[in-house]
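> Sequence:
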Amino acid sequence: MVIWFIVLIPTLDPRPFLHSLKRSASLLPLALVVLAVIGTLWADGPWSVRLHGINPVTKLLAIPFLLYHFERSQRGPWVLVAFLASCSLLMGLSWIVLYAPEWKIAATETAGVPLKNYIDQNHEFALCIFALAPLVLEFFRQRRLALAAGCAALMLAFFANIMFVVLARTALLYMMVLTILFAVRNLDRRAMWLLFAAATAVAVAVWFASPYLRQRVEHVAVEYRLYTETYAPTSTGQRLEYWRKSIESFGEAPLFGNGTGSIKQMFDREAVGKTGAWADSISNPHNQTLYVAVQWGVLGCIVLYAMWYFHLRLFQERSLATWIGLIVVVQNIVSSLLNSHLFDFHEGWMYVMGVGVAGGVVARAKGKK
Numbered sequence: 001m002v003i004w005f006i007v008l009i010p011t012l013d014p015r016p017f018l019h020s021l022k023r024s025a026s027l028l029p030l031a032l033v034v035l036a037v038i039g040t041l042w043a044d045g046p047w048s049v050r051l052h053g054i055n056p057v058t059k060l061l062a063i064p065f066l067l068y069h070f071e072r073s074q075r076g077p078w079v080l081v082a083f084l085a086s087c088s089l090l091m092g093l094s095w096i097v098l099y100a101p102e103w104k105i106a107a108t109e110t111a112g113v114p115l116k117n118y119i120d121q122n123h124e125f126a127l128c129i130f131a132l133a134p135l136v137l138e139f140f141r142q143r144r145l146a147l148a149a150g151c152a153a154l155m156l157a158f159f160a161n162i163m164f165v166v167l168a169r170t171a172l173l174y175m176m177v178l179t180i181l182f183a184v185r186n187l188d189r190r191a192m193w194l195l196f197a198a199a200t201a202v203a204v205a206v207w208f209a210s211p212y213l214r215q216r217v218e219h220v221a222v223e224y225r226l227y228t229e230t231y232a233p234t235s236t237g238q239r240l241e242y243w244r245k246s247i248e249s250f251g252e253a254p255l256f257g258n259g260t261g262s263i264k265q266m267f268d269r270e271a272v273g274k275t276g277a278w279a280d281s282i283s284n285p286h287n288q289t290l291y292v293a294v295q296w297g298v299l300g301c302i303v304l305y306a307m308w309y310f311h312l313r314l315f316q317e318r319s320l321a322t323w324i325g326l327i328v329v330v331q332n333i334v335s336s337l338l339n340s341h342l343f344d345f346h347e348g349w350m351y352v353m354g355v356g357v358a359g360g361v362v363a364r365a366k367g368k369k
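In full-length UniProt numbering, the protein residues as written are 1 to 369.
For the record, the hints were derived by calculation from the structure and aren't laboratory data.
Some hints could be false.
With a straight-line Cα cutoff of 30 Å, these simulated BS3-like cross-link-like pairs (lysine-lysine) come out [what the hints assert, rightly or not]: (1) K22 to K116; (2) K22 to K366; (3) K245 to K264; (4) K274 to K245; (5) K59 to K274.
Per label pair, the in silico range of CB-to-CB distance [as the list claims (entries may be wrong)]: (6) D188 to A107: 45 to 53 Å; (7) R214 to L8: 45 to 53 Å; (8) L51 to W207: 44 to 52 Å.
Remember, it's a predicted structure, so these values are computed and weren't measured experimentally.
Where a beta carbon is used, it is the ideal one built from N, C-alpha and C, also for glycine.
Based on the provided sequences and hints, a complete structural model is requested.
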């Protein structure tokens, strides 16, 4: 991205770029970054902590530049195709390393994950599934059955990898929402209910066919019971504890928050005197709203929700690029209920690139019309 910025900035035409910045889809990401910078002024921690708290937000600075560039470039679709191709290669390698771990690119902790982690991998694969879905439908309507079958097979391979190789439980939530969104947006009422019936049947079949899936889902109740009865630091228990502490901290400064970087200080204070996983130093409450609310209060939440809203508004037309941009935003919103995916590195950059590239392609198509 640094090289891209170095190449792009000398080519900017100031007047059109400033006009582009006035659009809400470009302006609101900048507003969130500015709020993070200003928020350092009322934080009470060391300046190193305050400045470090800005880092997760700075990626949003790329959105206005991406929107501007790909509104003027013909190569936006190439980026989207390259993403699908890279994910397809990763998915193939995931199946390989499941049975031959020595082929892993990095020393990951999870079987079937060649690099990074299973949450990032699921996020990518789920996005590819739903990006391919309208292509299957369109190719089928055009009677281009070979292409429809090829896209459907690729979708199935991604889906099987999520369900049988490695599953992030958050993926179940946003895949359900995206399925409903696809049906409502692309199908008539009869076809929509047929899809829901088929999806239910597939879900039941996969539930009984995948002991791994059942174990992952059923373990939520086990984790919750261990947390409530023994205060064990289970995944579910830790998330609930992070939310409780974050809500308490938000209540101390609801309007403007506790300042940039304060969320890490809060968790560090809570970890004092504790042992095991409870003593870990973290800076992520695993909820995007709480991440923003603790540091920048209601004001920050208003900016965050406004940004999501206007990014959704970018993708109201009917085209493949519009659909891809829409599912990028919806996936981020839904997954941010259980994670802080806008500020996480991998998922955050997926959002920035998805909105920036797809939004630019859509704007270019509108300009031609």
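> Could you tell me which of the numbered hints above are not met by this structure, giving the numbers in increasing order?
Hints 1, 5 not satisfied by this model.
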